[in-house]
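Student: Below, each chain spelled out in residue letters.
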Amino acid sequence: MSYTPVKRQVYLLPNYFKKIGIAVIIGAVAVFIIQTQSENFLAFDENYGIPGTILLTGLALINFAKEKVEDERIRRIRYRTWAYSFYLIITYILIGRILNHFGTPLHFFESPTSILVMVLVINIGIFAGNKEFDVDEE
Amino acid sequence: MKNNIRVERAILNITQQELADKVGVSRQTINSIETERYVPSTVLALKIAAVFGKTVNEIFLLVEKD
Numbered sequence: 000m001s002y003t004p005v006k007r008q009v010y011l012l013p014n015y016f017k018k019i020g021i022a023v024i025i026g027a028v029a030v031f032i033i034q035t036q037s038e039n040f041l042a043f044d045e046n047y048g049i050p051g052t053i054l055l056t057g058l059a060l061i062n063f064a065k066e067k068v069e070d071e072r073i074r075r076i077r078y079r080t081w082a083y084s085f086y087l088i089i090t091y092i093l094i095g096r097i098l099n100h101f102g103t104p105l106h107f108f109e110s111p112t113s114i115l116v117m118v119l120v121i122n123i124g125i126f127a128g129n130k131e132f133d134v135d136e137e
Numbered sequence: 000m001k002n003n004i005r006v007e008r009a010i011l012n013i014t015q016q017e018l019a020d021k022v023g024v025s026r027q028t029i030n031s032i033e034t035e036r037y038v039p040s041t042v043l044a045l046k047i048a049a050v051f052g053k054t055v056n057e058i059f060l061l062v063e064k065d
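Chains as they are written, first to last, in numbering that gives the first Met the number 0: chain A, 0 to 137; chain B, 0 to 65.
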């Protein structure tokens, strides 16, 4: 007796995109290092927007790629992970705004790129942790 | 929620991976269910019970804290 897998409710990239994402992140780090060490390489990109964009792309590919086996437990972990990530990023933004109000403005907290990087990095960490140590709390 | 999956697997002499393949989940999910870290959905519980040829109530047992 065999069963067909339950259809996905959210579209996700194939699993091999995780490896592509890691390669893209390594590329982003390489571009950043070269850019900081060389005066002429991407000299117009003063705020390192290009390596930041490449980094975001790699993190997004990792986050939105399927696991090798997508089942109900993984889906539950993924939904819970996004909920906790959302709570944490709201906290991150609120703390940043408070710090900006009372002290030297930290534009890093308000940068869309930094916020998105934080969301995606936190998501990866929480998902990996939940996958290994998940306990059903219901 | 307690379960007898490990005992039933031993009776049928199948591994966690084999059971996982039969019901369409990962081996880690079967392991999580056996170690009571994950409560399966109704559908998955029915599939597991069907593999063992038993009812859901014979495989999964409610405990007081549930």
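If you are wondering where the hints come from, they were derived from the structure by calculation, not from laboratory data.
Where a beta carbon is used, it is the ideal one built from N, C-alpha and C, also for glycine.
Be aware that a few hints might be false.
Straight-line C-alpha distance at most 20 Å; calculated SDA-like pairs for lysine to any residue [claimed, not checked]:
{"#": "1", "chain 1": "A", "residue 1": "LYS17", "chain 2": "B", "residue 2": "SER25"}
{"#": "2", "chain 1": "B", "residue 1": "LYS53", "chain 2": "B", "residue 2": "LEU11"}
{"#": "3", "chain 1": "A", "residue 1": "LYS18", "chain 2": "A", "residue 2": "ALA59"}
{"#": "4", "chain 1": "A", "residue 1": "LYS130", "chain 2": "B", "residue 2": "ARG36"}
{"#": "5", "chain 1": "A", "residue 1": "LYS65", "chain 2": "A", "residue 2": "ASN129"}
{"#": "6", "chain 1": "A", "residue 1": "LYS67", "chain 2": "B", "residue 2": "LYS53"}
{"#": "7", "chain 1": "A", "residue 1": "LYS65", "chain 2": "B", "residue 2": "GLN27"}
{"#": "8", "chain 1": "A", "residue 1": "LYS130", "chain 2": "B", "residue 2": "LEU11"}
{"#": "9", "chain 1": "B", "residue 1": "LYS46", "chain 2": "A", "residue 2": "GLU69"}
Simulated DEER-style distance windows between Cβ atoms [stated by the list, open to error]:
{"#": "10", "chain 1": "A", "residue 1": "TRP81", "chain 2": "B", "residue 2": "ASN12", "range": "34 to 44 Å"}
{"#": "11", "chain 1": "B", "residue 1": "LEU61", "chain 2": "A", "residue 2": "LEU87", "range": "31 to 41 Å"}
{"#": "12", "chain 1": "A", "residue 1": "ALA82", "chain 2": "B", "residue 2": "VAL42", "range": "51 to 61 Å"}
{"#": "13", "chain 1": "B", "residue 1": "ASN30", "chain 2": "A", "residue 2": "GLU38", "range": "53 to 63 Å"}
Student: With a cut-off of 20 Å on the C-alpha distance, tell me whether A/LYS130 and B/ARG36 pass.
Tutor: 11 Å, holds
Student: Given the hint of 53 to 63 Å, is the C-beta distance from B/ASN30 to A/GLU38 inside that range or not?
Tutor: 55 Å, holds
Student: Evaluate the given range 31 to 41 Å for the C-beta pair formed by B/LEU61 and A/LEU87.
Tutor: The hinted range 31 to 41 Å holds for B/LEU61 and A/LEU87, with Cβ atoms some 35 Å apart.
Student: Is it true that the CA of B/LYS53 sits at most 20 Å from the CA of B/LEU11?
Tutor: 12 Å, holds
Student: If you draw a straight line from the CA of A/LYS130 to the CA of B/LEU11, is it 20 Å or shorter?
Tutor: 28 Å, violated
Student: For A/LYS18 and A/ALA59, compute the direct alpha-carbon distance and say whether it is at most 20 Å.
Tutor: Roughly 12 Å separates the two Cα atoms, so the pair holds.
Student: Within 20 Å, alpha carbon to alpha carbon, are A/LYS65 and A/ASN129?
Tutor: 15 Å, holds
Student: A/TRP81 and B/ASN12, beta-carbon distance inside 34 to 44 Å?
Tutor: 40 Å, holds
Student: Is the hinted pair A/LYS65 and B/GLN27 satisfied, with a Cα-Cα distance of at most 20 Å?
Tutor: 16 Å, holds
Student: With respect to the beta-carbon atoms only, verify the hint that A/ALA82 and B/VAL42 lie 51 to 61 Å apart.
Tutor: The hinted range 51 to 61 Å is violated for A/ALA82 and B/VAL42, with Cβ atoms some 23 Å apart.
Student: Just to be careful, I want the Cα atoms of A/LYS17 and B/SER25 compared with a cutoff of 20 Å; is the pair within it?
Tutor: Holds, at about 18 Å.
Student: Are B/LYS46 and A/GLU69 close enough, with their CA atoms no more than 20 Å apart?
Tutor: 17 Å, holds
Violated hints for the displayed structure, listed by number in ascending order: 6, 8 and 12.
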